[in-house]
Each structure stands twice: as structure tokens, then as C-alpha cells.
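Undergrad: For the protein sequence lines, the chains are H and R, in the order given.
So in numbering that gives the first Met the number 0, spot 3 of the first sequence is number 2, and the numbers just go up one at a time.
So in numbering that gives the first Met the number 0, spot 63 of the second sequence is number 62, and the numbers just go up one at a time.
Not one of these hints is a red herring.
Straight line, CA to CA, 20 angstroms or less: simulated EDC-like cross-link-like pairs of lysine to aspartate or glutamate:
id, chain 1, residue 1, chain 2, residue 2
1, H, K517, R, D41
2, H, K514, R, D11
3, R, K18, R, D44
4, R, K179, H, E112
5, H, K349, R, D130
6, R, K110, H, E157
7, H, K475, R, E25
8, H, K349, R, D210
9, R, K12, H, D180
10, H, K348, R, E136
11, H, K476, R, D41
12, H, K348, R, D132
13, R, K113, H, E99
14, H, K514, R, E16
15, H, K514, R, D44
16, H, K514, R, D41
17, R, K72, H, D363
18, H, K111, R, D130
19, H, K517, R, D101
20, H, K517, R, D11
21, H, K359, R, E25
To be clear, the hints were calculated from the coordinates, so they are not data collected in a lab.
Listed below, chain by chain, are the residues.
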Amino acid sequence: MANYEVHEHDVIVVGAGGAGLRAAIEVSAQGLSVGLVCKSLLGKAHTVMAEGGVAAALANVDPLDGWETHFQDTMNGGKLLNNWRMAQLHAQEAPDRVRELERWGAVFDRTKEGQILQRAFGGHKWKRLCHVGDRTGLEMIRTLQDQGVHQGITVYMECTISKLLKDGDKISGAFGYFREDGRYVLFKAKAIVLATGGVGKIYSVTSNSWEYTSDGQGLAYDAGADLIDMEFVQFHPTGMIWPPGVRGLLVTEGVRGEGGILRNSKGERFMWKYLPESTKNGFAADETEAKEWVEAAIAGKRTEARRPPELSTRDNVARAIYIENKEGRGSPHGGVFLDISYQDPERVKKKLPSMYHQFKELADVDITAGPMEVGPTCHYIMGGIRVDADTAHTRVPGLFAAGECAGGMHGANRLGGNSLSDLIVFGKRAGAGACDYAKGLGGGQPTINEKDIETAIEELEAPFNREGKNPYDVAKKMNDIMDAHVGIFREEKEMEEGIAKLHELKNDIAAVAIKGSKAFNPGWHLCRDLKNMMIAAEAIARSAHARQESRGAHSRLDFTETDKGKWNEVNSSCSKEGDGMKLEHTPLPVMPADLKKLFEEKKKESPNA
Amino acid sequence: MRKAKLNVYRGDKNGGEFKQYEVPVEEGMVVLDAIHYIQAHDAPDLAVRWNCKAAKCGSCSAEVNGMPSLMCKTRMDRFGDDEEIKVQPLKTFPIIKDLVTDVSWNYEVNKKIKGFSPAPDEKEWVIHQEDIDRVQEFRKCIECFLCQDVCHVLRDHDRKDAFMGPRFLVRTAGLDMHPKDTANRMKYLKDEGHIGMCNITKCCTEVCPEDIHITDNAIIPLKERVVDEFYDPIGKFIKKVLGSNK
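Required output: the full structure, derived from the provided sequences and hints.
TA: Listed below in C-alpha cells is the structure:
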């Protein structure tokens, strides 16, 4: 029997990005004992990469903004597949969560009047993104980190959870290892909040870090939760594409929010061609009007001019760039040009400092002097663990999820800026949900089944005890399959082949082997991560294959229209059945009449949306 | 394709040695890409920390040819075609394995600094941009700890028992200069953080990947405040007569 250390808390939070930190702060504020477990050092989670801002209808810059419009924009952006209740709570509570961050020490950029400044972003009708230059995520994570530290939260850094443990159907703990020396650890807990982020590492070109290996999705799936809407993977339209070493790195949507213009190799400003009829009215009619809007934004003045076409939603811009390339009007390295160099260089450096440095240092491009070359990069998954909107509770008693690993909030496509607000709104709610549940359980900890721990250890050690595949080769194979078969554009036969190849790849994953010791061994860590990655890959491929329509981020070459019938009314749901994955389609929660009415009235009132 | 020779430190607290790896060099490649190549092809158990690969998270700090650097920002074309590239862990912190060091001391120091302490106040805050420009400079810090690594008080004299280091002077400055903060951290700076141990060699400023003017904008003003508070008899008298809130 191997040794392991044991820690006991009321609530364990897995993941220390925005959602995990906010959840842990809530649990601690309610007086329960919380342990925060994170795969990296504290403060390094993916939230740190978020650039453009956090969406909240504070109405500091555009006084007509309010939660209803934010709600409407979010639902429209998600092609109405969002969980309406999550979108509602998110729009209503984001302003308070942002003000709370300010009280905890976050230093947002200011308006001339000294309020929190807000910028424009794709799909948001009004200037709504509170920001700090282009490093909003860093500001947010550092603020939450320090708030958590001073509240006395116990943090277990560089610790990976490999298995959730249950007492009957209820959560009773989590098992894992510390990266430093590979020692095992058991966390006993009444409730667990998963806040582990996304799945980007299953694609080769991604803005995501090594951590994004579908951990929460995989753990929840294995514990009996279901994953919804996994076919909706957001390819951010503007990633760096050259040189190869930086391929996939994010170029913030803030560039377009500040007036960045997209052009093809012929110099055409192509986005006008791709605006859907239904939203065309919300955008500038021509260069003159777009210019007027940008000039007003720079001067901090209000204007009647409408937004430039570059501020269409991410799914739409990514598709446009893909088509421009396919039709031979792409940039030399397979992207398009994004240009902000027509503006005052000092302003560009002030508003987009990290973009300026990123291009200057990594690509030898001065963005104040010429255009950037950009193309789509895998950025975010809208789908995820199904949760109750109000409490973030999954269908497994005691298991909660928040942030990117949870599904429902963003529907078929996420608006930029809605992710950071999602983290703090539902991070807090998940923390509160876990507290209520833990208090309801009463005094004692649920029982840990020793047999489960033995199995967990066997699974972790297996790669040391065999000759077999290099985990990095297997990961590369998975990337190739997902790139080729379930990328931005999808088609029946391609996906069928992809699914078959993924099935074969399962054998390779079962045969990965590693040498060396358990001490800080990234190859060993990848062996375990591959299992979670496969769950996401299969769920994405199968959900995408089944959904015979195009909607939001899910674009089918063989079904190009958005369905008004069946597919308008269902979520995909993947869950574990025996050794296989069961795919079902469950009814979409129906918006109550009063909200629907508000929604429809709003639509009539404001053709600009 | 050109191949670069990387000498990478492999070892742990019991000792180790440099091992040489050959890596094909692509255009625009950075040292972290080369390390990833080695992991995928030659040494899957090569330990390295990284996250964002875009100089935003401060995880991949190491010493490249003796220079404390973020590996994700250090381009391979900076080195000559035949130049061997030596990559080793930060010297100031105890090694865990290969390029990974134990930086937990930094997190312990951070806990001791009094957090943001605004006065209770119900109204929406009005804060003007010009009053926070400086604070925002400090808040750009990505906690890569390169400044801690290069600080000779910590690196050469190993005074982690006494000196908080440049990173946490920057953090304190960010709190202290926040227009809404009310706490006084001067006694802590003087007696526990030992700000006096810094003798302004500016090495920290030189290695900062975020170009924070650590010495000029953070440490020197804090030193002045400590002096004002504890070593300025006339100022002390005036404060006594007129009262002071900070």
C-alpha cells in the first residue's frame, strides 16, 4: 500500500483561476474550511492571459446600458442556446462583482470623470468592458489572489487531482499528486468545486497553456456528471500566426475594440461582406461612419455613429478569415492583416501595451508602424459540465463547477469579456452553493472508500510499469485528428473518420509509458492528462457530428443553415455509460414568458443589437 | 535546418550536471520552444515550469547564458550560429529538479504584507487616471521573480531571512500609493522587510520583463517615506503638531 498524505476541508476547490479563487474566497467568507488546489503556482492560471476586459453593464461610458441589454447581447451571441437563467444572473450580477474587485484593490482604467472606463468589444451593443490596458486578467487574478491570501485560504500549489471519490452517490473527496515529488495526496471534503478551465490542448494551434487538458470535464464525467454543448469550441479570430514559435498566441479583441481594421491581401476591408443580415443594422454603413465611431471612442465622446464591422462576434470573424484564405485573399502565412498603425503610436502603446511588446519582441513587428498578421486559434470551449444556474451544482451530489469548465452560460458562442465576468459571478455562486450543501450534510465527513484510492494509485503508476508509446507522440496524434476532422468547419464524413481515429487512439492512450522518477516529471503528468483530453475530444467530435446544422461556433459545410426546429431546442449531453460515452439530446430550458417578452420587445426597439 | 546546441542543467538537490541536446531551429523560435522540443523528443521527464508562453504569467524563469530571463521571451536568433546555449535554474532559490526551483519563500513574504485597506465607504469611488498611473505600473508585475533572483542581497548574501526583495517592495509600493489605501506599512518595511538592505544597484530593474522602474519608482520613494517617518525630526515635529493620517 503506497503512502499518501491526508488533508480535510469542508470544501475543496480545484483550480485557482478567477472562478476557483472567487469560489474559495466565498467559502472562506462564510466561515467554512476551504482548500484551494491548483496545478501550477498560485497566480499563474489561465485567467492571467485574459486581455481585453470584463463585461459588466455599469453604464459608465454608455449610459443607456443595463443588464437587460447585456443579457440580450449574451443570448444573441450564444444563438439562444444559452441557459437563459445563467445569462440573466450573469448580466445582473456582473456589475456588483466588478465593483467588489475594485474594493479589493483592482485598479481599472478610468474615465475622465474618474469612473471605471469601459471599451467596446465584439457583440456588445454598448461599451461595456472594464479593463486595465490589455492585461485585465492579470489585474483580476492578482486581486483575487491577494484577497484570498489575506483571508487565510489554504492553497495546495502544483497539485493535480486525478480522481474524485464518492461515498455512494455523494462526493467524499479527491485524490491526486504533488508535481514536486510525485507524492500522493487525499483531500477529504463534503463538497468539491471544479474550476479547472478548458480543453484547448486537444488542438495544435491554441492560445491555451499546458494546463488546459480538460481536467474538470474529465473528472466530472467519470464521477457521473454530464457534459453539455461540447461541439461549441471557440476559435478566436485573431491569434498570432507568424513566426511558427508564436503560432496561436492571442491577439486581444481589444485591438479591434480600439479601432483595429481587418484587411485581406488585396487591401479590402472584408468584414462588411460577412455581417449577417440580422445584425447588419448595428454596424457602420461605410468607412466614414466607422471612422467617426473610432474618433469619438478615442476622444471619449458619445456618437450616433455605429460600430465598425470588425466588432462582429468571434465565430463570425473567424469564419470570415477562414473563407478569405480559402478564396485566395489571405496574408502570406495564412491569415489576414489587422491594422491599428493609423492611430497615434503613443496611444496604441498606452492602450495595448502587451500587444505592442508581444509583436515587437516575438515577431519583429512594430504594430504602431504596420499591420499584424493574424488568424484563428483555439481559445475557449462554450460547452462543459452541466450545472444548476443558481447554485452551480452538477447532477452529482456535492460536486459543483464554475468558469470555463462549466457549460450553459455562453450557448453556441461566447462574447469577448463575458468570460471574466462569468468567473466572478459563478465562482461566487459555486462557493455559496458548496457551502449550503456542506452545511446541509451536517457534521461528519463522508466516508472514503480505500479501494478507490488503490485504483487511483494503480492508474497513476501504470505508465512506469510498461514499455509503450511516448505520451507526447500520442498528444500530437490527437491534435492532428482534431485539427483535420473537427476544426472550424465540419462535415459529416470527415467527422466520422475523426471519430474512428479517436477510437483507435484510445489504445495508444492505454499504452503510454514513461521513464524516470515521479519527481516533477511532465511526461508522466501528460500520461494522465491524455485520458481527460480524450473525453473532451470524443465529446466534441460526437456532439458536432450529431448536430446537423450550423450555429455559433459550430459550422457545418453540409448543413450551413441554423435550424429553426429540433436543433433550436436541444442541448447535446455526453455522459459515461459503462466503458462508453452516451450521447443524448435534452430539452433546452425554456425562458419564462416575462423574460422572453422583454427580449422580443428589446429586439423591436433596438434594431442595432 | 540549423541545429542549436543547448546545455541544459539536469539534476536535483543532490547534484546534477549539464546535458547537451541538439534542437532544430525554426524561425522566431524561443528558448522555451527548444526546451519543449527536448521534452517531446529526448527527455520527457525534463522538468520546467511554463504556462502562457507569452510573457504574461512569469512561470518560465531561468538563467540563459547566465542572464535571468523568461524563456518564452528569449529568442534563439539572439545567439550566434555556433554559440552553445546554457540553460540553468534560478540560482537564488533551492532547486527542485532541472529548471524548476522552490519559490515558496516568495509566497510566504507576500502573506506578511498588510493587504489593501480602504476606508469603509458606500459611495462609488471616483479615482482619476493620473492618480493611478504609477500604481498601474507596479501592478504590471507578473511575479516571475527574476528581480528576486538577481538581487545580490538575496542571491549572494542569501538574506531571505531578513530582506523582502524587490518584488515585494513593488507590491508594497502599489498598495501604499493607491489613492484609497489607508494602511501604514512603513514600520514593516523598516523593521521586518528591511528596506534599508537595498543599496540601489538597480540590477532588479534591468531584468524586469515588464519594464517596471523598480528602483526609481518603487524602492526609492518607499525609502524616502521610511526616512520621513522615522529619521526626520523636523518632519516628526510638524506631524505631531498638525497630525497625519499616514
